[in-house]
Structure formats: C-alpha cells, structure tokens
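**Student:** Just so you know, the sequences run in chain order A and B.
Quick note: the first sequence, position 130, residue 130 per the numbering used here, numbers continuous.
Quick note: the second sequence, position 85, residue 85 per the numbering used here, numbers continuous.
Hints were generated in silico from the structure; no laboratory data involved.
Bear in mind the structure is a predicted one, so any value in this text is a computation, not a measurement.
Check each hint, because a few of them may be wrong.
[To be verified] Quick list of in silico lysine to any residue cross-link-like pairs, SDA-like style, CA-CA up to 25 angstroms:
#	chain 1	residue 1	chain 2	residue 2
1	A	102	B	15
2	A	46	A	88
3	B	127	A	11
4	A	39	B	86
5	A	39	B	134
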Amino acid sequence: MAINFDNALGIHPQALALREKRSELLASNLANADTPNYKARDLDFKAVLNNTLSTSAQSLERTHAGHLAPQRDVLGATVGYRNPVHASLDGNTVESHIEQAKYSENAVQYQASLRFINGRFSGLMTAIRGE
Amino acid sequence: MSSMNIFNIAGSGMNAQSLRLNLVASNISNANSVSNSVDGVYKSRQPVFAAELKSIMDKNDAASRVNVLGVVESQAEPVMEYAPNHPMADQAGYIYKPNVNTVEEMANMMSASRSYQNNVEVLNTTKELMLQTLRMGQ
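Take the sequences, apply the hints, and build the full model.
**Tutor:** So this is what it looks like as structure tokens:
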C-alpha cells in the first residue's frame, strides 16, 4: 500500500500557504501604518479556503495549446479592504492595534497548522517503522 | 520561500521609520539655530511615504512595501524675532528662527519609534515561524 502524502496531510499544507500569504498582507499593513492613502487589506480565510478546495476538485480540461490556464493561485484573488473603525485625515485605513491583533492571531494559527502537519508526520513515521 | 517577502516588507517599513526618526532628530537639534536671513534659516524637514503602486495594482500580490519618495522642507514661515543686540541680527534688528514645532516633532518621534517597534515585532515573529517550519517533521 502506497502512502499518499496528500491524503495523509489533508488541507493543512494549503492552510499553511494561505496563512503565510495572510501574514504577508498583515505585515504590509503594519509597515504602511504611516503611508498616506494606504488602504489596509486582508483576505477572508474561510472563503478563500473553500474556494481553493472547490477549484482543486474540478479542473478544466485544456484541449488546445492556446487555451488559457485557469487561475490556480492559492489566494483565489479575493483580497479585500478593511473597514476602519476610525477615519483618519490622510486616507490611511491601517489601525495598528487591530492589525497587530490579527497578525498574532494569524501567527498562532500558522503554528497550529504546523503542529497538525507535524502530528501527521509522526503518525506516518510510526506506521512506516511498524512499531 | 515567499516568506522572504515579509522580511523585505518589514525591512522597508523600518527603513522608512528610521529615516523619519533621523529627520526628527535633525529638526529638533536645529530648532535653535538662528540665522540673519529668511533664506538661510533651517527649515523643518518631513519625509514623504508612499505604497508601491505596482504592488497595489497587482491583485495576486497585494502586499506592498513602503517607498520613501523623498524629503520635503516645510513651507511654514520662519519665526522672526526682534533682537537688535543679537550678533546675528540683520539691519532691521531681526533674527530668524527655524519653523520647527518641537512639540509636533516629539509626537512624530513617538509615532515613528512605535511603528519601528511594530515592524521589529513582525520580523521576530516571522523569523520564529520560519524556523519552526524548517524543523517540520523532526
């Protein structure tokens, strides 16, 4: 019986990739906290993950070299803008405290995904060794 | 590994904030340098930040670095002071003081140092996460 890593690891590798993308966005928000007219951005994790799971299940067949490939980006291109609680004069919508909270939340969730993957790996190791 | 991008982003943020901090230091330390003419007097300097337009337009890579467009001099009028006994006084007896608002600069300094700290925090967390990722499966 062959070991299928995709089945063994589940959605966690994709979740990890998305978490990484999200942390990039949040880092960009924090770095641009003082940039005039910068709009804070974020992605809806749940919607993106659903999107990723559904598009990976049904892929379009390309019968001609000229056919464009469907966009199979992890992000699914749904990066939204944050609604700020307080408006600021320079048009910047970054609220540092909120971004920081989101960033640390995202970091913890990244670690959770990582831990899941590590757990699956040690499970696989146990199976391989036959202990 | 695309996490390297985060290092670039946070690094550009730190770069911008440290430039701002430098300019604040320059403004505050020159706050009392008097001159005998309007043109010769020190003018308050402020940085201009902008997000990179290219990365804002790019839907797939929305994360953006901080661009420092340049440094502008404040257009506010310098402070004229009547001090006929001052050695730098012009013929009418006036000296000119820079248009630096020290209170504003102090607030600016606090804001810059907090933003800098935020970016350092982001860097540290990212580094930690990447190290953990590298240890995956061990």
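**Student:** A separate judgement is required for each hint: does it hold in the structure or not?
**Tutor:** For each hint, the structure was consulted:
no.: 1; hint: A:102 <-> B:15; verdict: holds (23 angstroms)
no.: 2; hint: A:46 <-> A:88; verdict: violated (29 angstroms)
no.: 3; hint: B:127 <-> A:11; verdict: holds (24 angstroms)
no.: 4; hint: A:39 <-> B:86; verdict: violated (50 angstroms)
no.: 5; hint: A:39 <-> B:134; verdict: violated (33 angstroms)
Checked against the numbered hints above, the structure breaks hints 2, 4 and 5 and satisfies the rest.
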